[in-house]
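Combine the two chains into a complex, taking the hints into account.
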Amino acid sequence: MHRLLGMLTMVGAAVLLLEVSPGAARGGPPPASTTAAEQNLAIIVNQANAVDDISLKELRMVFLGERSHWPNGRRITLVMMDPGLAERKAVLRDICRMNENEFSRHFLQGLFTGEVFVSPKTLSSATGVRKFVFNVPGAIGYVRASDVDATVKVIRVNGHGVDDPDYPLRIEARASK
Amino acid sequence: MKSRTFLPIGSFLAHAGQSVGNRVLLLALGILMSAPCLRAQGATSAAGADQQTIQMLLQRIERLEARVAQLEGTHTEAARSETVNPIAPATHPPTGPAAGPATAPQTTAQVPAPEQEMEHLEPERMDLSKTLLRMRGFGDITFHGTDQRGSTNSFSLGQLNLFVTSDISEKFKFLGEIVFESGPDNFYNVPGGRRNEFAVDVERYLLQYSYNDYFNLAAGRYHTAIGFYNTAYHHSTWFQTTTGRPLLFQFEDSGGILPIHNVGLSASGRIPSGPLGLHYVAEIGNGRASRNPLNEEPVQNEVDENNYKAFNLALFARPESIRGLQVGFSGYHDKLMPMGQPRVDESILAAHAVYMAPKFEWLNEVVLVRHSPEGTSAVFNTPAFYTQIAKRFGSYQPYFRYQYINGSDREPIFPDVGRIEGPSVGLRYDASESVALKLQYDYNLERHQPASNALSVQLGFTF
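In the order they appear, the protein sequences are chains Y and S. Quick note: the first sequence uses the working numbering, first residue 218, plus one each step. Quick note: the second sequence uses the working numbering, first residue 174, plus one each step.
It is worth saying that the hints were derived from the structure and are not from the lab. The model shown is predicted, which means the values in this text are computed figures rather than measured ones. Among the clues, some could well be false.
SDA-like, lysine to any residue: derived pairs with alpha carbons at most 20 Å apart [stated by the list, open to error]:
1) Lys532/S x Gly290/Y
2) Lys508/S x Tyr378/S
3) Lys344/S x Asn289/Y
4) Lys564/S x Glu319/Y
5) Lys344/S x Gly290/Y
Simulated restraints on C-beta separations [what the hints assert, rightly or not]:
6) Thr330/Y x Lys532/S: 30 to 40 Å
7) Leu306/S x Asn316/Y: 56 to 66 Å
8) Ala239/S x Glu275/Y: 45 to 55 Å
9) Ser342/S x Thr330/Y: 18 to 28 Å
10) Arg620/S x Glu275/Y: 47 to 57 Å
Here are some, though not all, of the chain Y residues that point toward chain S, as calculated from beta-carbon distances under 8 Å [unchecked claim]:
11) Ser272
12) Arg284
13) Phe324
14) Leu328
15) Gly331
Ideal Cβ placement from N, Cα and C applies to all residues, glycine included.
The shape of chain S in the complex, shown without the other chains (with noise of 0.2 Å):
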């Protein structure tokens, strides 16, 4: 309560600087010497006004006096213990925190008038009672060119990613990220919307309630936590060290083959296990659409296309004696009903195995995909696995990507993605805090293909 009180006058005494004290005295002249002129203005317009005006500004002496004869006392009890500067600015008021030190009070040496200027500014950035929405932004240009047969040398917009922020209460928090990305969205092989048209995607839309640090819970639209990569780079392209993702964490809508979306409830948290940093994630919700008819959304947003609840459960450890380390697993099935087919059993396992480090990282992530439809003897497995190792020396980072999908061609879900495999090569050089140049180039194999090489060059940003 009473540093309440402190911080209004505290703002008016930055702006008196030193001399806190002959300030505040002609302040309280001037609005002496301003309270005849504004009586004469009010004799010619509404009395009524004026008598407010003049007890408003009575009012306003009084308090005005009351505080120059607290400051001159203060004023004379500090000039009498410092011995530094004679003409020292008054000290804070004893009210509560805002009080110096109690058994050490500051001397003019120690509280230089630029500090004292910037804590009367604080309590504008400490209002704790306000929701503050915050956003940042995450963007990419990129131009890149392949010797693929039909393909352009093309400059390309990358997603323009909003994320937003917000402290509801202590235990409540919304997080989102909202996509502007241009180009056609690409499902099973098939592309959908006009080429070169902007379109928004809601990529994340989370209520976040954090109970303790063993349990927590969103609820909405989150990243399937399937391995690391997926979890932890999500739409930013700025924050990876690469110029993508890796092709077994493409997107559903950029043809990739794995749930990266999911629309439900997902609870994480540490498991009390010692220096070896035990952390589970338990998800359930809609889980992917069959892709099929093919031009539909994958993700199910608003409707589910079975009562089939797709289901998550992943652990890893973060080792204290190896700061950097993550080591986990996680299991996900789901069922898919692909329209004209039996109903199909999904399953998917991964692994990885990530250190992650200032000055280098080396991620290596494992899964497999195993598809089964019901009524059959048949199982279709997908494996897929990439290894990437980077070392930062200063603002470059080059870096080192193998990569690798088997699919068979008589999959049922994603008959298209084949067998591809291949090298990337790059360097990213951080030319500011926020800016990333990334060089890549890549050589790709794939099965019933010729191999193809490509080179890209992205300009990657936050801001």
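Chain Y extracted, bound-state conformation (with noise of 0.2 Å):
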């Protein structure tokens, strides 16, 4: 028994590491040049929200329901556009780093557990992100960098404003509209 677990523990382990080294981790950095800015994905909320600048990693907890609140205290509320819009690849891929049935999985068990306190809002289309974002003051929601008007506020990411060179949510070209 004791040479059963511990052979057990030795696979095990070896495979944690496969999984958590740098080269096996999935979705890694986008590539660094992109043709236009339009191709970027700009990162909107509420006009009245006091964060100008978000951080990948956090940005990913409140995508993926890890972070609930924004630092005034108020409920976060995700707003994600229809599977297979290119928006929403850009999103699973740089931000979330699941595919769609990863993604729904990790939510339904995150609300299952209670540990997700709401799902997240789904729409089809830039306009309906923009104004639901609009009306309610703790949504944050995706749009391309073309998409975005003066109702909503677009946030930095990792320091970067969405038509820096080095910002680092894009759509790919190819699924691009």
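In structure tokens, the structure reads:
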């Protein structure tokens, strides 16, 4: 028995090391260059939100439901776009680092355990996302940089504005509309 | 306010298609033509009602005329600025957030008609004033057999679990788990209830209050935060990789050794700790009944058998540097009052280290249940652990689990448990994102019992 458990421990440790090693990390950093600012994905919040900048790590926690409140105590309401849209694909790839099934299951399990307080709202268009974010003070969502207007506030990611060359969130050209 | 007035018009425009202005005009004409007919009908029936209808229609015509004029204006403006398509649909009126981007007006090529239609349907899904009751179901059907004497190969209906949540307000939420299950309960190795009969259990019943990330409070019936498994999978077999819970975390009514459920208060949240990702759970509740008399419900839903309250404190870390890793421990304490015996002091210490990633999982938990009857020097320790490892290859997920429990034959609360250990090996196949087929083999070694082999095939699903 002890030998069996010892072997199991070694196998588990080896697989764990492979899983968490940087080379094995899925959804690595996005490509360094982009063809146009329109391909960047803007993270938008309500105009009343005091947050101006967010790190990619924090953004991931927000998009995975692991952070449920803004620093001012207001509840975060996450707005996602419909499955299949290029913007959502970019969020799943670059922020959540999950595929569609994994993301759905993650939220279902989070709601089931009670750790995720509220599930994301799903909207089908940039206009809908902007309207929602405009109306809900704790909302956070995303649209193409070209779909941003004055009704919402764009926050910086890792200190980079959406037009910066080093901005980390981009929509794949082939998936864009 | 502007967007509110926009919505019904928007819905109307969705049906109008591309030539919005023309359709509106046609509709206005139709209404104008129908007005005399209505007037004629009214002459033969109720004159008062007619007047009212006519007034209503006239007002509506006025509104439509104004709207047509507005749309024509917008349309002309858009036609001037757009060169892509001269018969482009009118853009939305510039009303608040519903307006197109201020800096980059959308062209026809950028805004296809289907997207516009979808936009107009969205307000139905955005109503924040409703208290939404959401329901999700989980179930499983299993075929199992064992070479233990007296057992038969059987199909079994597993728990039919209705998971219910409702956002009561921004800070309050309800969470419930209503489970329909067949088969007799098993308290202290004594079956209770009728075989093959369904019964209903409210397994979780919680009003949750979320103040911020650092403080959440829940009141009601919850799963005790002992270790990891108990609060990760609850009553859903579909979520679990294997066909069932480890023996260590069996439910009370299936002969389990832990107070899986508790009724009381539970506080939880993050602890400011930077990349360490520390969390806490502090619970106080009725605790488990001492299961003596044997046929009583072990979870004290309504009345506690004593004034002493069970408490549990759990701390765990989720380091940012290794996502999916969780390491923690918990301490639980209660006093049990078995009938005709001295009061028993119960302490449960648990530790866990788990790694859960989409394609790999490795769960390790160890628990020590300590019972000490008051007025005696006797102490009964029941150590238990399990380790489980699984790796996903596409839709297939082979897994292995080894589990162990060692209870004394003279244990005052669960003398029937004894020593059980053995490996399980299985394969999970996800036939779809909501249906999983599992095949599992178990080999069990029990004290005073011959070794047994068991095989089970399970269909777990969510709906």
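So, going through the hints one by one against the coordinates:
no.	hint	in the structure
1	Lys532/S x Gly290/Y	violated (35 Å)
2	Lys508/S x Tyr378/S	violated (24 Å)
3	Lys344/S x Asn289/Y	holds (14 Å)
4	Lys564/S x Glu319/Y	holds (15 Å)
5	Lys344/S x Gly290/Y	holds (10 Å)
6	Thr330/Y x Lys532/S: 30 to 40 Å	violated (20 Å)
7	Leu306/S x Asn316/Y: 56 to 66 Å	violated (29 Å)
8	Ala239/S x Glu275/Y: 45 to 55 Å	holds (48 Å)
9	Ser342/S x Thr330/Y: 18 to 28 Å	holds (21 Å)
10	Arg620/S x Glu275/Y: 47 to 57 Å	holds (52 Å)
11	Ser272	violated (11 Å)
12	Arg284	holds (6 Å)
13	Phe324	violated (11 Å)
14	Leu328	holds (6 Å)
15	Gly331	holds (6 Å)
Against the hints set out earlier in the document, violations occur for numbers 1, 2, 6, 7, 11 and 13.
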